[in-house]
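Could you build all of it, start to finish, from the sequences and the hints given here?
Chains as they are written, first to last, in the numbering used here: chain A, 1 to 597; chain B, 1001 to 1255.
Using 30 Å as the maximum straight-line C-alpha spacing, the simulated BS3-like pairs for lysine-lysine come out as follows:
1. A:K493 x A:K467
2. A:K321 x B:K1083
3. B:K1171 x A:K174
4. A:K467 x B:K1083
5. B:K1038 x A:K333
6. A:K321 x B:K1087
7. A:K335 x B:K1136
8. B:K1024 x B:K1083
9. A:K493 x A:K456
10. B:K1124 x B:K1136
11. A:K338 x A:K294
12. A:K479 x A:K594
13. A:K338 x B:K1087
14. B:K1038 x A:K321
Don't read these hints as lab results, they were simulated from the structure.
Predicted model, so just to flag it, every value in this text is computed and none were measured.
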Amino acid sequence: MTTENIIQHDVLIVGAGLAGTWAAVIAKQEGVQDVAVLSKIHPLRSHSGAAQGGIAASLANVRPVAGTGPRGPLEHVPDGDEPSDSWQSHMFDTIKGSDWLGDQNAIEILVKDAVDILYEYENMGCVFSRTADGRIAQRRFGGHQSPRACYAADRTGHVLLHTIHEQALMRGVKFYSEWYMMDLIIEDNICRGVVAMNVLDGSIHTMRAKAVMFATGGYGRAFKITSNAFANTGDGVAIAYRRGVPLMDMEFVQFHPTGLYRHGILMSEACRGEGGYLLNSNGDRFMENYAADKMELAPRDLVSRSEQTEINEGRGVMADKQGIFLDLRHLGKEKIMKRLPEVRQIAVDFLGMDPIIEPVAIQPTAHYSMGGIPTDINGRVLADADGNLVQGFFAAGECACVSVHGANRLGSNSLLEASVFGRRAGYAIAEFINGGAQLHPVSGDPAQENRARVHKLFTNEGELAEKVLEELRETMTEKCGIYRHEGTLSEAKEAIRQYQERMKTARVMDKSSRFNTDLLAALEADHLVTFSEVIVAGALARQESRGAHSRTDFKPRDDEQWLKHTMAHINGASGPNLSYKSVFVDYDRYPPQKRAY
Amino acid sequence: MTNQTQPPKAIVRVERFNPDVDEKPYFEDFAVEVTEEKTLLNALQEIKNEQDGSLTFRKSCRHAICGSCAMNINGLNTLVCNKPLNKSLDKHGRVTIKALSALPVIKDLVVDRTDFWRQYMAVKPWLIPSEMQADKEHRMSQEEVEALHEAETCIMCGSCYSACPIIALNKNYMGPHALLKAYQRVMDPRDGGMAERLDIVENGREGIYTCRTATDCIPACPKGLNPARAISTLRNMALRRMEFEHAREKRQEAG
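Here you go:
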């Protein structure tokens, strides 16, 4: 290996959202000197910042006014009163929300650490909305029995991301901003570094590290209608898979019930948490037919399915009958402007519809990736279903699957998961480095291999990568969306095979070295066609319906056959090799139950 | 005879510049179909996908929260992700998109923000812990939080910075974005660094006294914030700092 362009760090974290930045902050705090974070966009542009409605923790700062029932108005809990919420309740809600596929040991950590990490955010200067007595304000969210989503108006992710980024700056974390990770170096089950491109000048570098962490985010860009940022192309997930790391539960993709009609942009669940209604073309609150108890605040999988059923049965709104109305008018102008200012502006800007005076058209939108790179409860990446580890490789946040969300994530649990498991990964990394971890040699010249990959894209004469992607997104939405069955999934499988072939000769238009976003998009496209195959393979194999995975040909949940995690390993040209891993269930405390809301 | 009407086309005029090959910036026109839901960002992306992949711009979240896509549209700085194409056209059916002015161009609509982030770092954007006791969380009043909302909503897009006439002349000026961040921290009852922060922003001719209250930062802000007012508040506080520092001490003792 040539020594030019080689960069070395003790710790190299890929991705600068909540998970990656927390890990960097903690590693520094624990005495690791040399911590670097690489991100393809500036850290403050990370998609964690787009989360709107809240972050869950059983702080018990608010409760429904006595005698008004579970949907009544909220008041703060006076000092000294009985706590109105508990981690046990948060735990049960998360398990039920996951349709029992979440690992209960990991969920217990999530909900217990939640309380502490919220206070840590507050003590770091995070700006939260407040209760009348000055505590962190909380609101209702779907699938949670208590109002436990802590919030800052409807820009909660924004304030959390800025807060943790500031902490990283204070501690002297080194940032490689606008560097694009192209490859992961693993030899003999030991992670040795990554290959990355400096987007500014197109130079490609081998970056060695004693510990590598992926915090690269989700994979929602594989779908046509999505709430996800342009950046959420599942790069880390696809790259890890190609290098032999398994992917877990990839078939579980969350569709959020309230994406803006035709745009897919998120209208926060806080809209319903604050009391918004969903209406069909008859003006009916149709959720009473699907979740009579929880109504609009049922979990997302159930609400999205209900909306899709209304649409499929001809009760959608707008000219093409593909929308549903979100009605906030009864909340009143003052509450909307105070609690939901950002989403109101989104509706005005993109649809010209003002929620203060009219219902807003929405539709389900691909939102969150429950699956990803499997890890243990300390962010250490699993090499297989038996629990063996990939040495020196960590992951957390949406790219990872620990798994706390199982088959369906509850709203306000994602900011929490990224924070809690990012922080835990930080401690585990520090322990690994401080315990004497070494830089391991790298054979060959991985940077050169990736320069060849770029050269090929520059000299290819096939179609444009974007053309292939358009078809992929259409296929994933139509054939692997909210409702799935063997026929559509088999078609999707075949189609994706062809997209992968076509990508081999895809070309780019921009062949310059300076800030070449055309080249990045082509590399991302390659990642999208890679992991989409795994989503479809898992969905095709799983002959049951559970959480966000709804098979019209296998409607019931089947705990006897399918209470297990899917593990997908790359297997040359013949597609993923599927195996299964048991779910951690505490049968005494939280045995599987029927899931009704 | 069928009467098929073509969808109307808009001219998207973009200022292009790749310093590696172009001697100077130049304008290029692209024709794009106008549809009701198309945003300026959608139009740029469509041009990139279908007409010229080398057209270069930053983007990410698509809904005005990540701060990536600030540009100059028809002479005004703003984000392109939440601006409808059809409402941005002049009487010739044209929209002109340029990089944020006053920042060096890296390529086309992508600017070099090195100075911008350097100034942000200079104000120490993180909370400096104080002696204030926290019973789990610190207690804060609605009024205290409201004051912070005037700054924490900032997405660091750079629209105000680029619009500032002082920045155009003096890159050592801290700029409205960094001073707004300083304001957020000074106003935060939990922060222990009021004296240090006021020293930083008062520092010679580069801080709060360099602002000439031109107020171009106000219309430029896509989040409706008012950096000029925040700077003027900081000036007030700096002039009467003993009073404010004393009030802060008392506030923190009260917890």
